[in-house]
Amino acid sequence: MIPRVPHLYGTVITPYLSQYHRHHYRALALETEILPHDIVGHAIVSADGKIATADGAMPAELRNELDWQRFQTHLDRASLVVVGRPGHERNPNPGRKRLVVTSTVADLALDPADKHAHFWNPAGLSFDSALTALGIADGMIAITGVFDLFRERFTAFDLAESNVVLIRDGQPCFSTGHPRLVLADCGLFPVSFETLDPEANVTLTRWRRLPDSDLL
Numbered sequence: 007m008i009p010r011v012p013h014l015y016g017t018v019i020t021p022y023l024s025q026y027h028r029h030h031y032r033a034l035a036l037e038t039e040i041l042p043h044d045i046v047g048h049a050i051v052s053a054d055g056k057i058a059t060a061d062g063a064m065p066a067e068l069r070n071e072l073d074w075q076r077f078q079t080h081l082d083r084a085s086l087v088v089v090g091r092p093g094h095e096r097n098p099n100p101g102r103k104r105l106v107v108t109s110t111v112a113d114l115a116l117d118p119a120d121k122h123a124h125f126w127n128p129a130g131l132s133f134d135s136a137l138t139a140l141g142i143a144d145g146m147i148a149i150t151g152v153f154d155l156f157r158e159r160f161t162a163f164d165l166a167e168s169n170v171v172l173i174r175d176g177q178p179c180f181s182t183g184h185p186r187l188v189l190a191d192c193g194l195f196p197v198s199f200e201t202l203d204p205e206a207n208v209t210l211t212r213w214r215r216l217p218d219s220d221l222l
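Taking the numbering used here, I'd label the letters of the sequence shown as residues 7 to 222.
None of these hints come from the bench; they were simulated from the model.
Careful: at least some of the hints might be erroneous.
DEER-style ranges, computed between Cβ atoms [unchecked claim]:
{"id": "1", "residue 1": "His80", "residue 2": "Ala143", "range": "14 to 24 angstroms"}
{"id": "2", "residue 1": "Thr201", "residue 2": "Ala115", "range": "35 to 45 angstroms"}
{"id": "3", "residue 1": "Pro204", "residue 2": "Leu116", "range": "22 to 32 angstroms"}
{"id": "4", "residue 1": "Ala139", "residue 2": "Ala66", "range": "29 to 39 angstroms"}
{"id": "5", "residue 1": "Val111", "residue 2": "Pro204", "range": "36 to 46 angstroms"}
{"id": "6", "residue 1": "Pro217", "residue 2": "Asp120", "range": "35 to 45 angstroms"}
With a straight-line cut-off of 25 angstroms between C-alpha atoms, the simulated SDA-like cross-links for lysine to any residue are [as the list claims (entries may be wrong)]:
{"id": "7", "residue 1": "Lys103", "residue 2": "Ala143"}
{"id": "8", "residue 1": "Lys121", "residue 2": "Arg102"}
{"id": "9", "residue 1": "Lys121", "residue 2": "Ala143"}
{"id": "10", "residue 1": "Lys103", "residue 2": "His122"}
{"id": "11", "residue 1": "Lys103", "residue 2": "Ser132"}
{"id": "12", "residue 1": "Lys103", "residue 2": "Phe133"}
{"id": "13", "residue 1": "Lys103", "residue 2": "His43"}
{"id": "14", "residue 1": "Lys121", "residue 2": "Leu131"}
{"id": "15", "residue 1": "Lys103", "residue 2": "Asp54"}
{"id": "16", "residue 1": "Lys121", "residue 2": "Pro100"}
{"id": "17", "residue 1": "Lys103", "residue 2": "Met64"}
{"id": "18", "residue 1": "Lys103", "residue 2": "Gln78"}
{"id": "19", "residue 1": "Lys121", "residue 2": "Ser135"}
{"id": "20", "residue 1": "Lys121", "residue 2": "Ser132"}
{"id": "21", "residue 1": "Lys121", "residue 2": "Arg91"}
{"id": "22", "residue 1": "Lys121", "residue 2": "Arg83"}
{"id": "23", "residue 1": "Lys103", "residue 2": "Glu67"}
{"id": "24", "residue 1": "Lys103", "residue 2": "His124"}
{"id": "25", "residue 1": "Lys121", "residue 2": "Asn169"}
{"id": "26", "residue 1": "Lys121", "residue 2": "Ala139"}
Computed from a prediction, not measured in an experiment: that's the story for all the values here.
Even glycine gets a Cβ: it sits at the ideal position worked out from N, Cα and C.
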């Protein structure tokens with residue numbers, strides 16, 4: 007049974023609100039801007055920043071239908087969806103172009119079971135080279151797993167949080183800490199916040215990397 011906890015959001019996000027207000031108007035404009043290779047992370051996490059149980063499965067308590075619908079809409083807009091090998095195997099591909107992170111290939115190889123998916127080994131080929139090989143010149147790239155790999159490349163991150171669920175000993179979104187702290191440490195700022203599902207206490211924060219000129 008996944009334990010539930012009181013709402014924790016405000017106690018952790020508060021240190022970043024002054025930065026948010028300082029850059030509010032410019033950030034809201036950037037929020038809807040799609041740049042070449044706009045690299046956007048997508049995750050729903052528990053109150054303690056976990057995305058799955060220890061065996062890699064997403065618990066039913068963490069899944070939220072309103073967030074799932076929003077998530078699928080964003081994936082439909084993506085030029086490319088990046089996913090880990092376990093996520094690729096657990097979630098059938100509805101025909102989107104996928105890049106599957108794995109160490110089972112030397113560099114880049116077509117998935118023989120899915121004509122829309124390629125296996126990619128970051129140790130054998132850079133991300134930019136993989137994009138070139140796949141013909142991805144621009145548009146939004148959705149990162150749906152292996153978040154540590156892209157922490158310095160994210161231009162935005164949609165962080166949904168189930169604020170009353172804890173997953174003890176689960177798999178974290180980022181290996182180095184709660185995603186709010188990691189995203190802030192990587193130079194992203196919270197530019198918008200909304201409650202997706204009041205009954206389930208699920209919230210969504212859009213984090214965005216701002217140009218250096220906006221940080222003065």
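Next item on the list: Of all the hints given earlier, name the ones this structure violates by number, lowest first.
Entry: 3, 15, 23, 25
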